[in-house]
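Student: Since the structure of chain F is provided, determine the placement of chain B on it from the hints.
These protein sequence lines are chains F and B, in that order. Residues 44 to 160 (this note's numbering) make up the first sequence, in order. Residues 55 to 677 (this note's numbering) make up the second sequence, in order.
Careful, some of the hints might be misleading.
[What the hints assert, rightly or not] Here are the computed distance ranges between Cβ atoms for each label pair:
1) B/Ile-644 - F/Val-141: 54 to 60 angstroms
2) F/Gly-146 - B/Tyr-566: 26 to 32 angstroms
3) F/Val-150 - B/Tyr-663: 30 to 36 angstroms
4) B/Lys-596 - F/Val-145: 29 to 35 angstroms
5) B/Leu-662 - F/Arg-68: 36 to 42 angstroms
6) B/Arg-571 - F/Ile-127: 28 to 34 angstroms
7) B/Leu-655 - F/Val-78: 34 to 40 angstroms
8) B/Gln-652 - F/Ile-127: 33 to 39 angstroms
9) B/Phe-533 - F/Val-145: 30 to 36 angstroms
10) B/Ser-653 - F/Val-78: 28 to 34 angstroms
11) B/Arg-529 - F/Ile-127: 53 to 59 angstroms
12) F/Gly-160 - B/Tyr-663: 39 to 45 angstroms
[What the hints assert, rightly or not] Below 27 angstroms or equal to it, Euclidean Cα-Cα: the simulated BS3-like pairs (lysine-lysine) are:
13) F/Lys-93 - B/Lys-598
14) F/Lys-93 - B/Lys-574
15) F/Lys-134 - B/Lys-658
16) B/Lys-596 - F/Lys-134
17) F/Lys-125 - B/Lys-587
18) B/Lys-658 - F/Lys-125
19) F/Lys-93 - B/Lys-86
20) B/Lys-558 - B/Lys-658
21) F/Lys-93 - B/Lys-589
22) F/Lys-98 - B/Lys-596
23) F/Lys-144 - B/Lys-574
24) B/Lys-587 - F/Lys-134
25) F/Lys-98 - B/Lys-87
26) B/Lys-565 - B/Lys-658
Calculated from the structure, these hints are not laboratory results. Heads up, the beta-carbon is just placed ideally off N, CA and C, and yes, glycines get one too.
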Amino acid sequence: MGIRSFGKKLNADNQTLDAERLCERFKEYDFVSIVDSTCRTRTKIAGEIKRMRIKPRSGIPAVELVINDGTGEATVIFSGRKSIPGVDHGKCIMVDGVPHKVGDRTVVLNPAYTLLG
Amino acid sequence: MDEMVISPSALKRFFIGKPIASSEDQHHRLSKKVALPVFASDAISSTAYATEEILIVFMSLAAIGMTAYANLVPISILVIILLAIVVSSYRQTIYAYPKGGGSYVVSRENLGRSPSLVAGASMLVDYILTVAVSVSAGVAAIVSAFQNLVPYRVELCIGFIALITLANLRGLKESGALFAPPTYLYILSLASLIIVGLYKVYFQDLGPIDHTDPYAQELLATQKSLTLFFFLKAFSSGAVALTGIEAVADGVPAFEKPEPKNASKTLVWMAVILGTSFLGLSVLAQKIQPIKDHEGNIKITALAQMAEQVYGGRNIFFYITQFATFGILILAANTAYADFPRLSSIIAKDNFLPRQLMNRGDRLVFSNGIIFLGIAASVLVFAFGGIVNALIPLYAVGVFTGFTLSQFGMLVRHRKLKEPGWLVRAFFSGVGAATTSFVAGIVVVVKFTDGAWIPAVVIPTMMLIFLSINRHYLRVRSFLQIEEGYVAPRRTHTVVVLVGSVNKGVLQAVKYAESLRPDKLLAISVVGSNEEKAKLESNWEKYKMTAELETISDDFRDLTDSILNRINELDDENSDDIITVVIPEFVTAIRSQWLHNQSALAIKARLLYRKNTVVTSVPIVIE
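Just chain F, with the same shape it has in the complex (with noise of 0.2 angstroms):
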């Protein structure tokens, strides 16, 4: 119990640290964040990737993202992609779209996007 409480300390210590260099980052732009996000509201939300799905056969093709603004997590879903070009690991990205909650987390489909380095 002692180790894994304490490893738990010092993960959530890296992810403060990356928070809060992502929070600085998105200062300059005027975006919702994404913890503030409404839900079925039309929203500008930004963030990194930080995780980034495929779904290559089964069914339709789709790419999935992560993104982090350092006050949460949204996934966006592009269906019918496989893949899109530009879109990377640690890329910024601005998403104009109608986010909706599955479970905890926060989800916009298909949304206009624009890459900001």
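Tutor: For chain B alone, kept in the frame of chain F given last:
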């Protein structure tokens, strides 16, 4: 695979021997002639140091000088009376518990849980001390004969303990062939020493030893008067002669039929031999006047001093006596190796000690108990420098606590059953219980600062450990108990395959993961760069993988943490899910294994005890 490398199992085979099938477990019965050496070696061996221990208290601690010799015989007679009481009580135990009635069993049946645990703890402590004391005394006999071995006393002790441990792991049976010669040789050499010694003293005017050593003369010159405190202390030292007499009651089932009768006869014989030789040695010591101190400045044992004086120097008879003493003491240590593992397995069966103590090894012995005993005894010998006298105060507490509880248990049993003539027997048990508890009390009080506090602390601590182990087992049992109408829940099954790069092993692992028919299948890879990610994704496409592939950016170059965080998140998505983590692992020859799987190992170690998580390795054997 590689014939040149000696595998750990081959090494074990070399030392321990080839495994014996469970069905070959044999229950051989012992005749009285064979049973006597097997069970009596422990008890009779204590004559090798009991007289000396009394002498040390008088000489070195009480500093009463020459008066010590006059008090030796009265103390011995008291010890022999105690012996008679305990033996008469144990005879009843033998008839009452023909299946073996050690203190633990008798108090469990009659007195309840807590007393039985005290008895169990006492006896376990006692067995550890039997090994430590007997080996130390045996080595003392050897170094008395070979003075230049004195500096290596501790090393010799630990070496012999290691040898006995190994022999027992090999499944050394309590066979008569092994036990009989040294035990009978010792009895004969003692008899010869006493008879020849007394003959020479009374008919050839053999005088006492002329102690030229200034230190010895100093001890002899002391002239304090004997106080009750030191008298009791000397008595409690002499009472260690009684250790080991419970062995017969423990081992009744090993006797030929009718077991109780044979066992009780053997017990009486043993007591007679023990009593006579102890008294004989004390009388002889009174005349020959050997000397010994509590700090170990005098290196030669009292027995060796007497043998040297009686036989007129260090001749063949002297060496025979020393080797016989050494032999029986090593055997005495060996009996503890039979008793300790057996008792600990019984206690473990009652859920008071770890289950592992019930495991029988390759040679059908309780290996874990044997190893534990060996280590514990070695630690004791090391801590006390292999000096018998330093260990003795620790010894008697456990023994007499065990005696007391066993006899008190018998008393309760007599009262409960009320068999014909129970009053007389109950009287004997009562007297026994009262005397032995009195002795146990004396030992704790007069030797508290000498080391008797150690068992006084250790035994209750062990009891607490027993109880907490028991509580744990009971908790686990009640947790795992199937209640009325319980049905195992159907859970959402998420399978995660950890992927480094796309290779044959990963393809196999994904195929295996699919065969688990999960509700959700996900391949996860932590990538260091976008090039790596692109390559992985194109390969995923190329090999027509059906599973979803998730790539995680490796922000802090910490593979294990990234994966664990991701698994935590996946786990949070559903409340009722179970996650299987499939890890493809390369298996190569042992010499190159360390080149692989370090990260897999780290991840496995972190996930091993996670709730609702199954970790599966898919081995990819590289031939």
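Student: Determine for every hint whether it applies to the structure shown.
Tutor: Evaluation of the provided hints:
1. Checking the proposed 54 to 60 angstroms range against B/Ile-644 and F/Val-141 shows it holds: the Cβ atoms sit about 58 angstroms from each other.
2. Distance hint check for F/Gly-146 and B/Tyr-566: the Cβ-Cβ separation is about 28 angstroms, which falls inside the suggested range of 26 to 32 angstroms.
3. Against the hinted window of 30 to 36 angstroms, the Cβ-Cβ separation of F/Val-150 and B/Tyr-663 comes to about 33 angstroms, which satisfies the hint.
4. Taking the beta carbon of each, B/Lys-596 and F/Val-145 are about 31 angstroms apart, inside 29 to 35 angstroms as hinted.
5. At roughly 37 angstroms, the beta-carbon separation of B/Leu-662 and F/Arg-68 lies within the given 36 to 42 angstroms, and the hint holds.
6. The supplied range of 28 to 34 angstroms is met by B/Arg-571 and F/Ile-127, whose beta-carbon atoms lie about 32 angstroms from each other.
7. Between B/Leu-655 and F/Val-78 the beta carbons are some 37 angstroms apart, a value that agrees with the proposed interval 34 to 40 angstroms.
8. The hinted range of 33 to 39 angstroms is satisfied by B/Gln-652 and F/Ile-127, whose Cβ atoms lie roughly 35 angstroms apart.
9. Checked against the hint of 30 to 36 angstroms, the C-beta distance between B/Phe-533 and F/Val-145 comes to roughly 34 angstroms, which is consistent with it.
10. At about 33 angstroms, the CB distance of B/Ser-653 to F/Val-78 agrees with the hint of 28 to 34 angstroms.
11. Separation of B/Arg-529 from F/Ile-127 is about 54 angstroms and conforms to the stated range, judged on CB atoms against 53 to 59 angstroms.
12. Between F/Gly-160 and B/Tyr-663 the beta carbon distance is about 43 angstroms. The supplied range of 39 to 45 angstroms therefore holds.
13. Taking the CA atoms of F/Lys-93 and B/Lys-598, the gap is near 25 angstroms; set against the 27 angstroms cutoff, the hint holds.
14. The suggested pairing of F/Lys-93 with B/Lys-574 holds, with an alpha-carbon distance near 21 angstroms, which does not exceed 27 angstroms.
15. Among the hinted pairs, F/Lys-134 with B/Lys-658 is inconsistent with the structure: their alpha-carbon atoms are about 31 angstroms apart, more than 27 angstroms.
16. A C-alpha spacing of about 26 angstroms is found between B/Lys-596 and F/Lys-134, which places the hinted pair at or below 27 angstroms, so the restraint holds.
17. Restraint check for F/Lys-125 and B/Lys-587: the C-alpha separation of about 14 angstroms stays at or below 27 angstroms, so the hint holds.
18. With a C-alpha separation of about 33 angstroms, the suggested pairing of B/Lys-658 with F/Lys-125 is violated against the 27 angstroms cut-off.
19. Using a Cα cut-off of 27 angstroms, the hinted pair F/Lys-93 and B/Lys-86 is violated, with the two alpha carbons roughly 81 angstroms apart.
20. Annotation: proposed proximity of B/Lys-558 to B/Lys-658 holds, straight-line Cα distance about 21 angstroms (limit 27 angstroms).
21. Straight-line distance between C-alpha atoms of F/Lys-93 and B/Lys-589 comes to about 18 angstroms, which keeps the hinted pair within the 27 angstroms bound.
22. Between F/Lys-98 and B/Lys-596, the direct Cα distance comes to roughly 13 angstroms. Compliance with the 27 angstroms bound is thereby established for this hinted pair.
23. Only pairs whose Cα atoms come within 27 angstroms are accepted, and F/Lys-144 paired with B/Lys-574 is accepted, the gap being roughly 20 angstroms.
24. For the given pair, B/Lys-587 sits about 13 angstroms from F/Lys-134 by alpha-carbon distance, which is consistent with the 27 angstroms threshold.
25. Between F/Lys-98 and B/Lys-87 the alpha-carbon distance is near 83 angstroms, which puts this suggested pair outside the 27 angstroms criterion.
26. About 20 angstroms separates the Cα atoms of B/Lys-565 and B/Lys-658, which keeps this hinted pair within 27 angstroms; it holds.
The structure fails to meet hints 15, 18, 19, 25 from the earlier list, while all remaining hints are met.
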